Amino acid sequence: MTLLAPAAAAIAGGLGLAGLLLLYVLKLRRRRLRVSSTMLWEQAVDDLTANEPFRRLRTPLLFFLQLLMLAALAIAIGRPAVPSAGIEGGRVLVLIDVSASMSARDGIGGGTRLDQAKREASELIRDLPRSTAVQIATVAAQTTMLTPATAPRSAVLRAIDRIEPTDQPLRVEGVAELAAGLLAMGNDESEPDGQPAASGLVMVTDGDVPANELSISGVLPQVLRIGPEPGNRPENLGIVAASFGRDYNDPGALPLFVRVQLSAGDARDVALTTRLDGRVVDRRTVTLAASDEEPSTATATIDLRPGDASTVTIELAASDVLPTDDSAQLVIPDRAPRQVLLVSPAGGAADPSEDDPVHWVVRDVLAALPDTELTVTGPQGLTRRQADPRGLGDTDLVVLDRVGSGAEVERPTLSFAVPPSDRVGLEPPTEDAADVFVSWQQGHAAMRGLSLETVQIAGLSRLVSDTAGVLETLARGRRGPIIGLIEDGGVRRIGVAFAPAESTWPLSPSFTLFVAQAVDFLLAPRDAASLKSFTTREPLEVLVPSAVGDAPRLEGPTPLAGRLLDGLGDERLRAVFAIPQRVGLYSVVGSDVTVAVNLFDPNESGVAVRDTFRLGRREVSALSPAEGRREVWNWFVLLALGLAVIEWLWYGWRHRVA
Numbered sequence: 001m002t003l004l005a006p007a008a009a010a011i012a013g014g015l016g017l018a019g020l021l022l023l024y025v026l027k028l029r030r031r032r033l034r035v036s037s038t039m040l041w042e043q044a045v046d047d048l049t050a051n052e053p054f055r056r057l058r059t060p061l062l063f064f065l066q067l068l069m070l071a072a073l074a075i076a077i078g079r080p081a082v083p084s085a086g087i088e089g090g091r092v093l094v095l096i097d098v099s100a101s102m103s104a105r106d107g108i109g110g111g112t113r114l115d116q117a118k119r120e121a122s123e124l125i126r127d128l129p130r131s132t133a134v135q136i137a138t139v140a141a142q143t144t145m146l147t148p149a150t151a152p153r154s155a156v157l158r159a160i161d162r163i164e165p166t167d168q169p170l171r172v173e174g175v176a177e178l179a180a181g182l183l184a185m186g187n188d189e190s191e192p193d194g195q196p197a198a199s200g201l202v203m204v205t206d207g208d209v210p211a212n213e214l215s216i217s218g219v220l221p222q223v224l225r226i227g228p229e230p231g232n233r234p235e236n237l238g239i240v241a242a243s244f245g246r247d248y249n250d251p252g253a254l255p256l257f258v259r260v261q262l263s264a265g266d267a268r269d270v271a272l273t274t275r276l277d278g279r280v281v282d283r284r285t286v287t288l289a290a291s292d293e294e295p296s297t298a299t300a301t302i303d304l305r306p307g308d309a310s311t312v313t314i315e316l317a318a319s320d321v322l323p324t325d326d327s328a329q330l331v332i333p334d335r336a337p338r339q340v341l342l343v344s345p346a347g348g349a350a351d352p353s354e355d356d357p358v359h360w361v362v363r364d365v366l367a368a369l370p371d372t373e374l375t376v377t378g379p380q381g382l383t384r385r386q387a388d389p390r391g392l393g394d395t396d397l398v399v400l401d402r403v404g405s406g407a408e409v410e411r412p413t414l415s416f417a418v419p420p421s422d423r424v425g426l427e428p429p430t431e432d433a434a435d436v437f438v439s440w441q442q443g444h445a446a447m448r449g450l451s452l453e454t455v456q457i458a459g460l461s462r463l464v465s466d467t468a469g470v471l472e473t474l475a476r477g478r479r480g481p482i483i484g485l486i487e488d489g490g491v492r493r494i495g496v497a498f499a500p501a502e503s504t505w506p507l508s509p510s511f512t513l514f515v516a517q518a519v520d521f522l523l524a525p526r527d528a529a530s531l532k533s534f535t536t537r538e539p540l541e542v543l544v545p546s547a548v549g550d551a552p553r554l555e556g557p558t559p560l561a562g563r564l565l566d567g568l569g570d571e572r573l574r575a576v577f578a579i580p581q582r583v584g585l586y587s588v589v590g591s592d593v594t595v596a597v598n599l600f601d602p603n604e605s606g607v608a609v610r611d612t613f614r615l616g617r618r619e620v621s622a623l624s625p626a627e628g629r630r631e632v633w634n635w636f637v638l639l640a641l642g643l644a645v646i647e648w649l650w651y652g653w654r655h656r657v658a
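The numbering of the sequence shown is the numbering used here, which starts it at 1 and goes up by one.
Just so you know, these hints were derived from the structure itself, not from any lab.
A hint or two may mislead.
FRET-style restraints, in silico, Cβ to Cβ [claimed, not checked]:
(1) Ser439 x Asp269: 45 to 51 Å
(2) Val637 x Ala271: 56 to 62 Å
(3) Gln456 x Pro337: 34 to 40 Å
(4) Val589 x Gly231: 28 to 34 Å
(5) Gln442 x Ser591: 39 to 45 Å
(6) Glu229 x Thr558: 57 to 63 Å
(7) Gln442 x Gly404: 27 to 33 Å
Subject to a maximum C-alpha distance of 20 Å in a straight line, what follows is the list of computed SDA-like cross-link-like pairs (lysine to any residue) [to be verified]:
(8) Lys532 x Asp277
(9) Lys532 x Asp303
(10) Lys532 x Leu543
(11) Lys532 x Asp520
(12) Lys532 x Arg574
(13) Lys532 x Gly584
(14) Lys532 x Ser591
(15) Lys532 x Pro545
(16) Lys532 x Gly245
(17) Lys532 x Arg79
(18) Lys532 x Ala433
(19) Lys532 x Asp592
(20) Lys532 x Arg305
(21) Lys532 x Gly556
(22) Lys532 x Leu564
Predicted, not measured: the structure shown is a model, and the values here were computed from it.
Heads up, the beta-carbon is just placed ideally off N, CA and C, and yes, glycines get one too.
Generate the whole structure from the sequences, applying the supplied hints.
Structure follows, in structure tokens:
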């Protein structure tokens, strides 16, 4: 049993006790009167002869009856309550929500919602019968069992005290299977009358449960709602999304997209600060509309031009109930060297035959590109690599220099004098005329800044396609497209209709610039993939150096152990780590790899408190802490009345007329 209003009970008990004591220790001053005899006043001799205002406290049986009556009334005023019938049984599983919204600092009684949840869960367990087996589990992005069914009640209460908050979102998909299995174990036990032992499930949460299915056969979970009343919508500002993009017209730029959310309240302006390695690079004001029924959002685009590996920190100038989402961090890693495979007639021969004296034209330009590792092979080497499932595993870009691929290459390609795709053909050049660049897309990322007016091309050739819209023309000659772009199943391919050595283009700086810009453009999606940010919703999959060994570890707000999945080349390995519990920066032990983990969950940042949510096909109403228990103050009022009757009868019997 617990008191829902202990302060009122203490005040009422104190006042009642003080009044009762005064009645027993106070004496009245009486007037002196002459009487014929004192025989009838023997019981009052002491009072007649004493002259002090107080007397020694005497505790007859009536005093104790009156004391018990006052205690019963004081307890009744304190609203005593016992667990409701829905959470009693032979086995009870208590799930405590430790998601990010439970760290909101608006819990009843002060502190966070999780502090309140731990207090309510402890009182709930203390009130259950000693014969009830109680198990404790925490639930957020994953469900964790803390105690076995055989744990003593004291161990269960200690486990609750040790519960720590997390920055994970709430997901209840795994609760159903866990709860069904554990509660089924309880149904194997029987009461003395042979009936199965009852089982119950209680979820202590702020009610902010997403619309997921939580259907447990034979058990209707009961939800004990924590936090403010649902009508009191907490105001909270938070960063709910942040990601890098790519400007394909400017591969050196790195736009950062940020979305801010206001859970409730009037329209307002909030300051947003962006830091690059601790240095302020952008400061602006974001305007958020008033939030009525649903949270309001606003977005901002921040243009960054980072150099080496950098850490980006986004800060929101907010002082609200949930600090976790007021900042976010993202990591821009050093780009791994781009693996480029050049396929030319000379292959990798150091001294090519006289049949290919111009093999150096494309090779030397690619070899001079920064952050690029070049491998040269011939037609047969490409065929072998395509036949081997892992042959192109470490290749980012394939350059076809006058060599067709036979089968479609499943990598971005830059081709010279061969068709760039099966869907684009190439008309062979004619030898009776020369070609020139007639026009080109100067705004395209691969063609920006090129000066092609003086370039002469031996022979007329062009790229052709039977399907409209397949080929995007980047440059045109006299007969048609001579440089084109095709998006082939999500893979980009740039084709040049002529061989560079059969033109004056290699003599111009614009050729080197074209190759560099084309490589950057074709590999932009690959570079963007390395900028993936992580959240507390799912496990971390990180590329780590092979030097970390077979047991990679992450150090950060909470240490994480991982395992290797497979390799990507000789130097990079894929490692997977458990779902992180806290946001922040994590580093791979034994390497310079750093990853950032953020909340980025509009539902958790909304810090809403709900009274109903769906469990399977049923809608369950959440109970407040008071509603989760049945009040029994009327029992204590009846007890006080019974004691009053006993006191009256006892007093009457003591003073009966002989």
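Checked hints:
| no. | hint | result |
| --- | --- | --- |
| 1 | Ser439 x Asp269: 45 to 51 Å | holds, 47 Å |
| 2 | Val637 x Ala271: 56 to 62 Å | holds, 57 Å |
| 3 | Gln456 x Pro337: 34 to 40 Å | holds, 35 Å |
| 4 | Val589 x Gly231: 28 to 34 Å | violated, 49 Å |
| 5 | Gln442 x Ser591: 39 to 45 Å | holds, 43 Å |
| 6 | Glu229 x Thr558: 57 to 63 Å | violated, 33 Å |
| 7 | Gln442 x Gly404: 27 to 33 Å | holds, 30 Å |
| 8 | Lys532 x Asp277 | holds, 18 Å |
| 9 | Lys532 x Asp303 | holds, 17 Å |
| 10 | Lys532 x Leu543 | holds, 11 Å |
| 11 | Lys532 x Asp520 | holds, 19 Å |
| 12 | Lys532 x Arg574 | holds, 14 Å |
| 13 | Lys532 x Gly584 | holds, 15 Å |
| 14 | Lys532 x Ser591 | holds, 19 Å |
| 15 | Lys532 x Pro545 | holds, 18 Å |
| 16 | Lys532 x Gly245 | holds, 10 Å |
| 17 | Lys532 x Arg79 | violated, 54 Å |
| 18 | Lys532 x Ala433 | violated, 50 Å |
| 19 | Lys532 x Asp592 | holds, 17 Å |
| 20 | Lys532 x Arg305 | holds, 17 Å |
| 21 | Lys532 x Gly556 | holds, 18 Å |
| 22 | Lys532 x Leu564 | holds, 19 Å |
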